[in-house]
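If you're matching them up, the sequences are chains X and V in order. Mapped onto this note's numbering, the consecutive letters of the first sequence carry residue numbers 1 to 83. Mapped onto this note's numbering, the consecutive letters of the second sequence carry residue numbers 84 to 387.
Any given hint might turn out to be false.
Unchecked claim - Think about it this way: if two alpha-carbon atoms lie no more than 20 Å apart in a straight line, the pair counts; the simulated SDA-like pairs of lysine to any residue are: (1) Lys155/V / Asn42/X; (2) Lys295/V / Lys19/X; (3) Lys19/X / Asp29/X; (4) Lys308/V / Asn27/X.
Read the hints as simulated data drawn from the structure, not as lab findings.
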Amino acid sequence: MGNESKIRAILKEHGRLAKDVDTLDDNADLYQAGMTSHASVNVMLALEGEFDVEFPDEMLKRSSFESIAAIASVVDSLTAASA
Amino acid sequence: MPATAYDAEKFFRGLVDAGLIIPVGVPGIFGRNHVFEDVLDRFNKLVTDLAKNDGAEYFVYPPAIDRKVLEKVDYMDSFPDLAGTVFSFKGKELTARQLSEAIHNGESWEQYESMTDVVLNPAACYPVYPSFTGTVPREGKLVTMFNWVFRNEPSQEPTRMQSFRVREFVRCGTPDQVVEWRDMWLQRGLHLLESLGLPAHSEVASDPFFGKGGKMLAASQRQQKLKFEVTAPVISEEKPTALCSFNFHQEHFGEAFHIRTEDGEVANTACLGFGLERVVMALFQAHGFDPEKWRSEVHDKLWP
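The following block holds chain V by itself, in its conformation from the complex (with noise of 0.2 Å):
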């Protein structure tokens, strides 16, 4: 029995009334108490068992990454409007008071503030391909990774958060061994959320590109089929939410940032990463707001 029965505006109430998220002012923030962490960390263990004899390497990144990254990786010529890039006060004591006074006036304070080195993390997978320069050995690269994510979309749907953790896979090597393990990946994600009582389904995607050039890219990518995502229903039944994204980036970051497979070649890159605030929202749609009384094997699956 769905908590809310599909209804964003009522799932959103559902989740600050049971007390597991605590709305902070701006949209698409938010707080989560410890039963919403709970879930969210038993998930997050069951993604590492499954994973546990594939020699992933696990990293950590903060939620603000260089700046040139970003630019490296044309996101700006992609989501432009999705970034957070990090401003910061760099002035005289003179103008710092200047920007004191606006501030107290409710004035805008932006033109006292200029641009860092630094970007908020706008995807799970980018800190770490710095790393990867150079030639990757035979079998290839593997590493998985527990990050926060931002996004400029504020909205008032809670699956759609503006910052948010993904528990996150890259492997890098030849096209063939990325692909393999993508299609492995897929099944498997599938099958976890399944096995969570979760509606699953595949379904080719793609990314929210900016503008009308967007529309190219996203029809290019869903032609080339370099996006999966794996969906169930969370604020909406015809809809789904993307839980677990796939995305296979060709050469993509083995040319940006320098990286080779042995045969000289550029390498190829894939990711997967699960939406880990989705995963848990998810399970509260499809079991309901008090995890004590979701079914047996569900309940004993995380909590075994």
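Bound conformation, chain X alone (with noise of 0.2 Å):
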């Protein structure tokens, strides 16, 4: 399963959307899809265990979690740099 697929099973499982997330393309606004802000807090709880990353303070922010494109790029930074 590639990164983007996790992603968006992390979503459908913590996401809280009000939009089936296999309706939305990887560029489309998750907090005008209904996510709140607590519920990007376990997106990124989930998103660290999956990934066996931790979000660092400065990306701790609301544009981290914005689209699934952002989230795999913000996952791709961390594993990278984790590798």
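Using the hints, build the complex out of the two chains.
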């Protein structure tokens, strides 16, 4: 499973989105799709578990989680750093 | 001339030595004497005077609220470490004897108690929202309250109390109504504190959300400019103390308590609260521990 599909699975379980995550494209705004700040915290913690990474403080911001593409790019940079 | 040159320990000692506060043994909890209370009452009255033509309904709620309110507003998602959940004894007499014995033997006795339906109120605005359920009138709603608040954050630092009073206002309506009202009060709050000789400033702020997720919530709150504080130096010049806090909750409480505007949209809410003990302490720090010696323009404003 590629990173995008793992991220979609995490969003499905933790994102509390108002829309089906499969109908969203990678650049769709997740906050517009109903993700709350609290839900984005659960998404962050689930991403840390799934990818065995730690989000540093400077990445704990709204823009890191605004789309599937944004999350994938943050995850890529974190997994690259820990590789 | 600041009373104690912005030193938390000296300031606490100064308040105690002047008889203004009376320690009770637990950090963040203390008694207040009549002079302290007189300043607090007078400041609270100034706030009432400022808002007298606004048409706010006045309520006082007790320090304990329905536990369900805390659960509905996701408090435990954000501040599980600050909550004061009330536990009590519900067992039979034999167990009560065991409880008593454990206490007299200096053993732990928490296992004999269980959770009640109430919690100590952690935010002055919370108790009123259940009464807003339904459709608010076209002009929105405006209430003001005088409530005790509890936060589990014991500290020797005098402005960080576990139990304190807040003079609160809550506005409910459309986003425009709520934000316009918040902005109006931000200026009012600033001017009120300045008029009492306090070097007040307003700034974007965030709540002390729990844990690593909390850092994310705080960053998001700052980025969206949902919280402002009016601050003045009390125990530090570099890190002034928040005396008044302004929160724009957007649809958070409207959704939790099914509050709608006339056009059927989820209502928005905002609140502001003056931390009354903190304002009083800021005045003592700025003008000295004896109000009789405060300069006349400050004294006359509080005691006209």
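Each hint, compared with the structure:
no., hint, in the structure
1, Lys155/V / Asn42/X, "holds, 18 Å"
2, Lys295/V / Lys19/X, "violated, 27 Å"
3, Lys19/X / Asp29/X, "holds, 11 Å"
4, Lys308/V / Asn27/X, "violated, 25 Å"
In terms of the numbered hints stated before, the structure departs from hints 2, 4, listed from lowest to highest.
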